[in-house]
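K.L.:
Listed below, chain by chain, are the residues.
Number of protein chains: 2
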Amino acid sequence: MPSEWDYVELASRIFSSSRSEVLAGAGEDDCAVVRLGERLAVFTADSLHEKADFPPQMREWEKGYMSLAVNLSDVAAMGAEPAYFLYTVTLVENYPTEKFEEFCRGVLKLAKKYGVDVIGGDTDRGDEFSVSGFAVGFSGRVLLRRCAEVGDRVFLTGITGKAQLSLEQLFSGLSREEIAFPEKLYTPEPRVREGLRISRYAKACTDVSDSLAISLHQIAKASGVGIELKPVDLSELEEFVDSKKALELFLYAGGDYELVYTCDDDAGIEIGRVVEGEGVYLNGRKVEFRGYTH
Amino acid sequence: MPSEWDYVELASRIFSSSRSEVLAGAGEDDCAVVRLGERLAVFTADSLHEKADFPPQMREWEKGYMSLAVNLSDVAAMGAEPAYFLYTVTLVENYPTEKFEEFCRGVLKLAKKYGVDVIGGDTDRGDEFSVSGFAVGFSGRVLLRRCAEVGDRVFLTGITGKAQLSLEQLFSGLSREEIAFPEKLYTPEPRVREGLRISRYAKACTDVSDSLAISLHQIAKASGVGIELKPVDLSELEEFVDSKKALELFLYAGGDYELVYTCDDDAGIEIGRVVEGEGVYLNGRKVEFRGYTH
Numbered sequence: 000m001p002s003e004w005d006y007v008e009l010a011s012r013i014f015s016s017s018r019s020e021v022l023a024g025a026g027e028d029d030c031a032v033v034r035l036g037e038r039l040a041v042f043t044a045d046s047l048h049e050k051a052d053f054p055p056q057m058r059e060w061e062k063g064y065m066s067l068a069v070n071l072s073d074v075a076a077m078g079a080e081p082a083y084f085l086y087t088v089t090l091v092e093n094y095p096t097e098k099f100e101e102f103c104r105g106v107l108k109l110a111k112k113y114g115v116d117v118i119g120g121d122t123d124r125g126d127e128f129s130v131s132g133f134a135v136g137f138s139g140r141v142l143l144r145r146c147a148e149v150g151d152r153v154f155l156t157g158i159t160g161k162a163q164l165s166l167e168q169l170f171s172g173l174s175r176e177e178i179a180f181p182e183k184l185y186t187p188e189p190r191v192r193e194g195l196r197i198s199r200y201a202k203a204c205t206d207v208s209d210s211l212a213i214s215l216h217q218i219a220k221a222s223g224v225g226i227e228l229k230p231v232d233l234s235e236l237e238e239f240v241d242s243k244k245a246l247e248l249f250l251y252a253g254g255d256y257e258l259v260y261t262c263d264d265d266a267g268i269e270i271g272r273v274v275e276g277e278g279v280y281l282n283g284r285k286v287e288f289r290g291y292t293h
Numbered sequence: 000m001p002s003e004w005d006y007v008e009l010a011s012r013i014f015s016s017s018r019s020e021v022l023a024g025a026g027e028d029d030c031a032v033v034r035l036g037e038r039l040a041v042f043t044a045d046s047l048h049e050k051a052d053f054p055p056q057m058r059e060w061e062k063g064y065m066s067l068a069v070n071l072s073d074v075a076a077m078g079a080e081p082a083y084f085l086y087t088v089t090l091v092e093n094y095p096t097e098k099f100e101e102f103c104r105g106v107l108k109l110a111k112k113y114g115v116d117v118i119g120g121d122t123d124r125g126d127e128f129s130v131s132g133f134a135v136g137f138s139g140r141v142l143l144r145r146c147a148e149v150g151d152r153v154f155l156t157g158i159t160g161k162a163q164l165s166l167e168q169l170f171s172g173l174s175r176e177e178i179a180f181p182e183k184l185y186t187p188e189p190r191v192r193e194g195l196r197i198s199r200y201a202k203a204c205t206d207v208s209d210s211l212a213i214s215l216h217q218i219a220k221a222s223g224v225g226i227e228l229k230p231v232d233l234s235e236l237e238e239f240v241d242s243k244k245a246l247e248l249f250l251y252a253g254g255d256y257e258l259v260y261t262c263d264d265d266a267g268i269e270i271g272r273v274v275e276g277e278g279v280y281l282n283g284r285k286v287e288f289r290g291y292t293h
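Quick note, the sequences are listed as chains A and B, same order.
Per our numbering: the first sequence = residues 0 to 293.
Per our numbering: the second sequence = residues 0 to 293.
In short, the hints are calculated from the structure, not lab data.
There could be a bad hint or two in this list.
Any copy, or any two copies together, can satisfy a pair, since identical chains are not distinguished.
Distance condition first, Cα-Cα at most 30 Å in a straight line; then the derived DSSO-like pairs of lysine-lysine [said to hold, decoys possible]:
1. K285 x K229
2. K202 x K98
3. K50 x K98
4. K50 x K285
5. K98 x K220
6. K229 x K98
If you're wondering where the values come from, they're calculated on a predicted model, not measured in any experiment.
Go ahead and model the full structure; you've got the sequences and the hints to work with.
P.N.:
Listed below in structure tokens is the structure:
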């Protein structure tokens with residue numbers, strides 16, 4: 000069975016862009032980047048499906064909130080300021096307008112927080128509830144994955160693994176009131192402010208949606224460098240699991256929406272350093288390219 | 000069971016925009032319109048689902064083509080020039096990469112024709128094949144639904160009803176080689192060039208996706224006017240059905256993606272006139288607000 004990466008690679012090959020104003024096209028970065036006059040516009044599309052992406056016990060407004068959050072996370076990863084959002088939503092048979100209103104209120108709640116205008120939407124009927132979001136942002140300077148340089152330090156806006164840990168607790172029988180980090184699972188915070196702050200001095204950046212390992216590999220590959228990780232304090236996770244499991248969650252779990260970036264300043268949780276070569280390493284061992292697959 | 004219009008109205012109420020640069024927001028027109036410096040940008044999102052929207056015997060590349068076509072039709076309806084396209088696609092279990100490649104080639108075929116750059120995409124797993132598209136266009140002057148004036152003449156870029164006629168022929172047992180207008184069903188042509196041409200002199204405009212009747216009602220309501228239709232030559236349809244059925248298809252069938260617009264010049268197939276009052280009339284009788292429902 001083909002993986003998501005096979006499709007992404009195929010599409011990137013087919014949809015190469017020829018316009019000089021397109022600084023990043025399909026599959027190249029977290030957002031497409033287009034020069035519009037003196038500004039840079041970023042565009043991103045991301046979809047969520049009931050079964051693959053929404054955790055159990057999720058409320059309807061949280062589905063709306065998350066649909067915007069995952070798109071804003073992509074905008075944040077470019078160091079851009081989000082401005083506009085459009086969505087399409089697939090409604091199943093007999094989906095009540097009350098639920099749709101709650102869904103919209105969830106989108107609006109997060110939109111207001113970051114000054115985003117919801118300027119369009121489309122509803123259609125289908126077999127499974129799903130949402131596709133399209134976000135537009137603007138920036139003077141964008142953070143591309145391909146800009147890491149040997150000698151850069153690597154930083155993270157927050158410890159990853161919390162969403163997956165919480166999900167596993169849910170599956171083990173805990174309720175949403177009992178799990179460790181419910182907000183990471185139900186209302187993840189896109190790192191918009193952090194992205195804007197680091198856009199002044201960071202070099203490469205991406206968000207962590209599938210796993211930290213995958214994000215690091217993407218920066219390393221796009222920049223033609225290696226990344227050497229160093230041991231990081233995982234006590235936030237180790238309150239709930241042993242240190243081996245904590246490291247597994249930190250590196251390979253998805254759904255946290257933190258930003259990982261490189262720069263030569265001191266900024267955030269330092270997790271490693273950019274080195275010559277290729278690949279991602281921790282304590283001399285290869286960190287695999289794997290993470291959450293839908 | 001709520002109709003699509005209930006959801007659209009609800010969302011428009013919740014997502015009202017406060018920014019002065021947003022000239023048309025959620026639910027107001029075929030696209031959202033945003034002033035970006037000296038240009039106007041238009042944004043639209045539209046989704047298609049296997050069961051509700053793709054006709055039987057459709058080829059994979061035609062699904063890609065149509066996903067872009069329906070979005071370009073919205074851009075055309077604003078009199079804007081399409082520039083960028085992003086999509087999300089829901090892939091079912093075991094969807095082969097060969098089919099996905101064919102799908103992408105279909106998007107690319109139409110994109111090249113109109114100079115559109117496909118700059119982003121996202122794939123996710125789900126229960127039903129579906130595509131959401133997001134198109135961006137630019138214009139110096141946009142054609143809003145609310146700009147029709149009493150005395151304007153009403154025009155259409157082509158006779159509507161052909162897609163539905165062809166679909167009914169398919170359901171009656173004909174093959175795709177035998178139906179009357181296969182290209183209307185499988186590879187509808189977005190009226191991009193016509194939209195750009197009329198943008199210089201037309202007043203109100205919209206595309207016909209759900210039905211001509213619905214589009215006319217939308218222009219009439221948004222402009223605070225009535226529309227009086229006149230008899231139109233429907234011989235293209237009457238080759239296949241009687242005149243009563245031809246009129247039903249012309250007014251109430253969906254899926255043709257023609258443009259309907261008002262102006263005081265002579266341009267296109269004249270179908271009526273803008274009058275004082277409200278509603279849409281033909282031969283003194285009300286034309287209903289109904290059309291294709293998914």
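K.L.:
Take the hints in turn and mark each one as holding or not.
P.N.:
Now the hints, each set against the structure:
Within a single copy, K285 and K229 get their C-alpha atoms as close as 13 Å, which meets the 30 Å cut-off; across copies the closest is 74 Å, which misses it. For the homomeric pair K202 and K98, neither the shortest alpha-carbon distance inside one copy (42 Å) nor that between copies (38 Å) is at most 30 Å. In this assembly of identical chains, K50 and K98 lie within 30 Å of each other by CA distance both inside one copy and across copies; the values are 18 Å within and 23 Å between. Taking CA atoms no more than 30 Å apart as the test, K50 paired with K285 passes in neither setting, with 32 Å inside one copy and 45 Å between copies.
Proximity of K98 to K220 under the C-alpha cut-off of 30 Å is restricted to the inter-copy arrangement: shortest distance 28 Å between copies versus 43 Å within a copy. In this assembly of identical chains, K229 and K98 lie within 30 Å of each other by CA distance neither inside one copy nor across copies; the values are 46 Å within and 43 Å between.
Of the numbered hints stated above, those contradicted by the structure are hints 2, 4, 6, listed in ascending order.
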